[in-house]
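A.B. asks: One-letter residues, chain by chain:
2 protein chains.
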Amino acid sequence: MLASETLVPVSSGFPASPLSPPRPQPTPAYDEGGKVLTDAELPSLSAGEASGLMRSGHLTAQRYVLSLLSHINQRDSRIQAWVFLDAKAAMNQAKALDDLAPEQRGPLHGVPVGIKDIVAVKGMPTRYGSAIHENDGPAPADAAIVSILRSAGAIILGKTVTTEFAATSRGGSCRNPRDLSRTPGGSSSGSAAAVADGHVPVAVGTQTGGSMIRPGSFTGTFALKPTWGALSTEGVGRFSISCDTLGFYTRNIDDLSLLSEIVHISSGSRNIPSPLMPSSCRVALLKSPMWPKAGPGTRGAWEQANTLLQQAGATVIDIELPKVFNRCYAWREMIVAAEARAAFLPRYIQAKEQLHPSIRKYMESKEHTSGEAVCEAYDCVSQLRSQWDKIAGEFDFVLTPSVPDEAPVGLEWTGSSAFCTLWTVLHVPALNVPGLEGNSGLPIGLTVTGPRSADRRILEAGRFVGKLFEDA
Amino acid sequence: MLASETLVPVSSGFPASPLSPPRPQPTPAYDEGGKVLTDAELPSLSAGEASGLMRSGHLTAQRYVLSLLSHINQRDSRIQAWVFLDAKAAMNQAKALDDLAPEQRGPLHGVPVGIKDIVAVKGMPTRYGSAIHENDGPAPADAAIVSILRSAGAIILGKTVTTEFAATSRGGSCRNPRDLSRTPGGSSSGSAAAVADGHVPVAVGTQTGGSMIRPGSFTGTFALKPTWGALSTEGVGRFSISCDTLGFYTRNIDDLSLLSEIVHISSGSRNIPSPLMPSSCRVALLKSPMWPKAGPGTRGAWEQANTLLQQAGATVIDIELPKVFNRCYAWREMIVAAEARAAFLPRYIQAKEQLHPSIRKYMESKEHTSGEAVCEAYDCVSQLRSQWDKIAGEFDFVLTPSVPDEAPVGLEWTGSSAFCTLWTVLHVPALNVPGLEGNSGLPIGLTVTGPRSADRRILEAGRFVGKLFEDA
Numbered sequence: 021m022l023a024s025e026t027l028v029p030v031s032s033g034f035p036a037s038p039l040s041p042p043r044p045q046p047t048p049a050y051d052e053g054g055k056v057l058t059d060a061e062l063p064s065l066s067a068g069e070a071s072g073l074m075r076s077g078h079l080t081a082q083r084y085v086l087s088l089l090s091h092i093n094q095r096d097s098r099i100q101a102w103v104f105l106d107a108k109a110a111m112n113q114a115k116a117l118d119d120l121a122p123e124q125r126g127p128l129h130g131v132p133v134g135i136k137d138i139v140a141v142k143g144m145p146t147r148y149g150s151a152i153h154e155n156d157g158p159a160p161a162d163a164a165i166v167s168i169l170r171s172a173g174a175i176i177l178g179k180t181v182t183t184e185f186a187a188t189s190r191g192g193s194c195r196n197p198r199d200l201s202r203t204p205g206g207s208s209s210g211s212a213a214a215v216a217d218g219h220v221p222v223a224v225g226t227q228t229g230g231s232m233i234r235p236g237s238f239t240g241t242f243a244l245k246p247t248w249g250a251l252s253t254e255g256v257g258r259f260s261i262s263c264d265t266l267g268f269y270t271r272n273i274d275d276l277s278l279l280s281e282i283v284h285i286s287s288g289s290r291n292i293p294s295p296l297m298p299s300s301c302r303v304a305l306l307k308s309p310m311w312p313k314a315g316p317g318t319r320g321a322w323e324q325a326n327t328l329l330q331q332a333g334a335t336v337i338d339i340e341l342p343k344v345f346n347r348c349y350a351w352r353e354m355i356v357a358a359e360a361r362a363a364f365l366p367r368y369i370q371a372k373e374q375l376h377p378s379i380r381k382y383m384e385s386k387e388h389t390s391g392e393a394v395c396e397a398y399d400c401v402s403q404l405r406s407q408w409d410k411i412a413g414e415f416d417f418v419l420t421p422s423v424p425d426e427a428p429v430g431l432e433w434t435g436s437s438a439f440c441t442l443w444t445v446l447h448v449p450a451l452n453v454p455g456l457e458g459n460s461g462l463p464i465g466l467t468v469t470g471p472r473s474a475d476r477r478i479l480e481a482g483r484f485v486g487k488l489f490e491d492a
Numbered sequence: 021m022l023a024s025e026t027l028v029p030v031s032s033g034f035p036a037s038p039l040s041p042p043r044p045q046p047t048p049a050y051d052e053g054g055k056v057l058t059d060a061e062l063p064s065l066s067a068g069e070a071s072g073l074m075r076s077g078h079l080t081a082q083r084y085v086l087s088l089l090s091h092i093n094q095r096d097s098r099i100q101a102w103v104f105l106d107a108k109a110a111m112n113q114a115k116a117l118d119d120l121a122p123e124q125r126g127p128l129h130g131v132p133v134g135i136k137d138i139v140a141v142k143g144m145p146t147r148y149g150s151a152i153h154e155n156d157g158p159a160p161a162d163a164a165i166v167s168i169l170r171s172a173g174a175i176i177l178g179k180t181v182t183t184e185f186a187a188t189s190r191g192g193s194c195r196n197p198r199d200l201s202r203t204p205g206g207s208s209s210g211s212a213a214a215v216a217d218g219h220v221p222v223a224v225g226t227q228t229g230g231s232m233i234r235p236g237s238f239t240g241t242f243a244l245k246p247t248w249g250a251l252s253t254e255g256v257g258r259f260s261i262s263c264d265t266l267g268f269y270t271r272n273i274d275d276l277s278l279l280s281e282i283v284h285i286s287s288g289s290r291n292i293p294s295p296l297m298p299s300s301c302r303v304a305l306l307k308s309p310m311w312p313k314a315g316p317g318t319r320g321a322w323e324q325a326n327t328l329l330q331q332a333g334a335t336v337i338d339i340e341l342p343k344v345f346n347r348c349y350a351w352r353e354m355i356v357a358a359e360a361r362a363a364f365l366p367r368y369i370q371a372k373e374q375l376h377p378s379i380r381k382y383m384e385s386k387e388h389t390s391g392e393a394v395c396e397a398y399d400c401v402s403q404l405r406s407q408w409d410k411i412a413g414e415f416d417f418v419l420t421p422s423v424p425d426e427a428p429v430g431l432e433w434t435g436s437s438a439f440c441t442l443w444t445v446l447h448v449p450a451l452n453v454p455g456l457e458g459n460s461g462l463p464i465g466l467t468v469t470g471p472r473s474a475d476r477r478i479l480e481a482g483r484f485v486g487k488l489f490e491d492a
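Residue numbers (my numbering), protein chains in the order written: chain H, 21 to 492; chain V, 21 to 492.
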C-alpha cells in the first residue's frame, strides 16, 4: 500500500484532494485461468479484462484503482500525463462500485479513465492547458461523453495534459513513455501517454487536426477518432465546430469495440458484422498527397504492412485520390481558421496576451477569408465527403500513414498532423493501429480508415491489421 | 426605491442572492435632448440609447439596473420570464462599471442582458429547463457569447426560461407580455418575453428549429438568428450540432447592428455597406413550401407587406423554390434526429424517466435512420445551401413568413416552427421583423433572409422593412 500523500502527481500544478482511502479487504485477483494476479500485473490489464474480473468478483474496484494509483505514483513524475487527479474521489467511487450487486455492474464497471483537460468532469476543474482558466471553479456537470462512461461504471480518475485549448502544437512537460526524451504527440498528450504507460486502460482525447492519431502513433496505442457527430462534444472546449471530434485511447482493440458499443457508435449497413476473412479481403493502400513528408520509419512500416497483408492473403490495391482532394487541405485550413476565430474571440478579447501566437494569429491574420469563401469551402468539402465514401466503399478498408515518422526528439513540438487532417475534415472514422517500429525502435502506427459511419467496420479491420503487426 | 427582498422573481424556483444593493447617488438621467428621464421611462430605452447615456455620464449603471429590476419586480410574477436572477451580483457589476473612466467604457456599457437557461453564465446555475440539472452547481466560466457581451460592458442579469433542453415545444409558465393568455413561443420563451416586456433591452436565445424567430414573431420583437457558425456555441446546451444557432432579441434594429459588430458577425462582400435605396431595391417574396399552413393573420400581413414594399418603390418579385427544397424538411428531420440521439444519450441513460417523450422518442424510435442515410442528408442539404445562396444572391433580400399566425392561446404548446426550420438547416441568417398585427391585434412578424454570411445585409434590409411596418 502506498503512502497516501504521494498520490498527487508531482507534475500537477493543481490542487488534488488529500488521499485517505479506505483500506479494502485484501482480495486476491485471479485471471480467467485461475492464476493469482499481482499488483504489478494489474496495470497491464485491458478495460474489458479488468471489468470482467471485477464484475465476476475476482477483483475489487478498490484494489484495482489503488494499484493504478500506485503505478501512476511511481511513474508520473517522469511522464507528467496528469494535470488533476482526485485519488480520494476515485477511491470513493471504487467503494461505491464494489458495493453494487453483480447484476447492477456496467460494462466498464470499476475501470479508471483519464479525460483530456478540455472536457468537463463534474467536480473537477477544466484548465484547457491555458492560464486563462487557472482560477475557474469545478465543472457543475459532466460532459456528454464523461456522463456516458460514468453510467457504464467507469471511474473518472482525473484530467490529462492537453496543449493550449487543444489548438497548438507547443508541447508541455508531458513525455513519451516509450522514450522520455521525446514528445508523446499532441494535443491529446496526457491521454495517450497515460494509456501507453499503464496508468489507465482507457482515456478520452479529441482531434481537430491530428490530435488523436498522432499521439496514438507516437506512443504505440490504439486511437479511434470516430465519424464526426457520432459522439456529442457538449461540455468539450471548442476549436473548430466542424472538425472537433472526441475519441478514445486503449492498448487493445477489444476495448475500442467495447467503448463503441457503450457510446452507441453507429452501425449502418456499411458495418460488417463478422470478422474479416483475410483471403477475401480487399485493402486499399493510400499513400495520400502527403507521402513526400514520410520519413524512413513510415516508409519502412508501409512496406512491411504491404508485405504482411499480401502474405495474409489479402488483395492489396494501391490507390490515389482524385486531384481535387489536394485542395481539401486548403479548404480545411479556411474552415478551421474561420471557426477558430469564432471560438477564440472571447478569450482574445479577454486576455489576448495569454494566448499562444498561433491562436492569436487566427484573429490577427491579414489574410482574413470572406464569409463567402468559407461557405464555398464548406460546400466543396461536403462534396468530397460523398466522393470519398464511394471510393472507400469499394474496399474492406483503406490503409494510410498516421505520421511522418517516429515521435520527434524534444518536448517543444508535438509533431506533424500532415497525414491526419484530411480524415478529420472528411468526417470519416480513423483508427491508429500500433505494432510496427521505426529506426529507433519506437512505435510507428498506420491508420485504418473507410467511409463515414463505417466505424465498426474499421474496428474489425483494425483487429485484423493489429494482429498482423503484432505477430510480425 | 424598491424593497430589496422582492427583487427575486416570484416565478423563480431557484435560489437568488439576497439583495442589498448599495444605494447609488440619485443622478438624473437626461436624454439626448436634455429632457430628464423618469425611472418609468428607463425600461423603454434601447441598449444603444442606454449605454450612450451611461458612457457619457448622463445615467449611472446602478440607477438603470435598479429601474429594470424594479420593472421586473412589478411585472415578472405575471410574465415569469426568469428562472434565475442575481440582483446583488448585477448591482455589484453596475457599481464596478460606474467606477470605470469614460474611455474604458465598452459599447454595451451598463446594459443588462438576459441569457437563455441553456447557456452557461459564470457563477449562475444552468437548469436547461430540466429537473435533471436542478442540483447542479454554478458554471465555472461564461459561455463564449456571454464572455463577449460581458467584455463589451454588459451586465449579465440572469437566466431566462427555456423549454426542456430547448428541444421540446411544451410550454411552461412563461407568458406572452402582449396577451397573458398566450404562449410567448419557444424554446427561447423567457428571452423573448423579457425583451418584449422591457425587463432588458437585449437577451440571448438559440434556434434549432424555430426557437428564435417564432418567439420574436409572437412577442413583437426583433430576433436575429445569424449565419450558422458566426457565433461560437461553446458553453451552450446541445440539441443538434449542425442546427443549433445562437441569436439575439432586441426591440430595436440598431441594437442588433450594435450586437453584430460586438460579436464580429461576418461582413463579406455579400454585405452592403450603405442603407438600402427603396427605389432600386429588389425584393423576393417567398411564401415557401409551408404556405398552406399560413392562417389569416400571416396572410393579411403578407399582403400588407407586399403593398407597403411596392408603395415604397421596391421591385417586388414572387419567387418559388425549386422542388428539391421540399425534401429539405425531411433531411433536416433526419439530421436533427441523429444529432439529438448523440446529444441526449447521456441524459437518456442517466434519467430517461425525466425526459419529455419527444426527447425520449429520438432514442426509442423504431425508424432508426442508418448512418449512411444521415450522411446522405448532410450532403444533400449542403448542396442546397449553395443553391440557395445563388437564388437569394439575385435579390437585395428575401421576405418570407415567420409563423402561421398570432401566438396560440394557452401556455401548453409554444407554437409551430414550420416556417423557420428551412432557414435553420440552410445555415442562413434570418431576422424576424415585427410591426404588423393579426386579427386579434397581436404581433405578426415576417422574416428577412438572404444568403449565408449576408447577416449585415439582412440587418440593413430589416431596418428598411421595420420602418415600413412601423409607419404603416
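Source of the hints: derived by calculation from the structure; they are not laboratory data. Hints should not be assumed to be uniformly reliable.
Said to hold, decoys possible - Below are the DSS-like pairs computed for lysine-lysine, each with C-alpha atoms no more than 27 Å apart in a straight line:
| # | chain 1 | residue 1 | chain 2 | residue 2 |
| --- | --- | --- | --- | --- |
| 1 | H | K372 | V | K372 |
| 2 | V | K115 | H | K372 |
| 3 | H | K142 | V | K142 |
| 4 | V | K372 | H | K142 |
| 5 | V | K372 | H | K115 |
A.B. asks: Taking the hints in turn, state whether each one holds.
C.D. replies: Verification of the supplied hints:
1. With a CA separation close to 42 Å, the supplied pair K372 (chain H) and K372 (chain V) exceeds the 27 Å bound.
2. Taking the CA atoms of K115 (chain V) and K372 (chain H), the gap is near 26 Å; set against the 27 Å cutoff, the hint holds.
3. Note on K142 (chain H) and K142 (chain V): the hinted pairing holds, with a Cα-Cα distance of about 15 Å set against a maximum of 27 Å.
4. Taken as a hint, the K372 (chain V) and K142 (chain H) pair is honoured in the structure, with Cα atoms around 20 Å apart against an allowance of 27 Å.
5. For the proposed pair K372 (chain V) and K115 (chain H), the alpha carbon gap of about 26 Å is at most 27 Å, so the pair holds.
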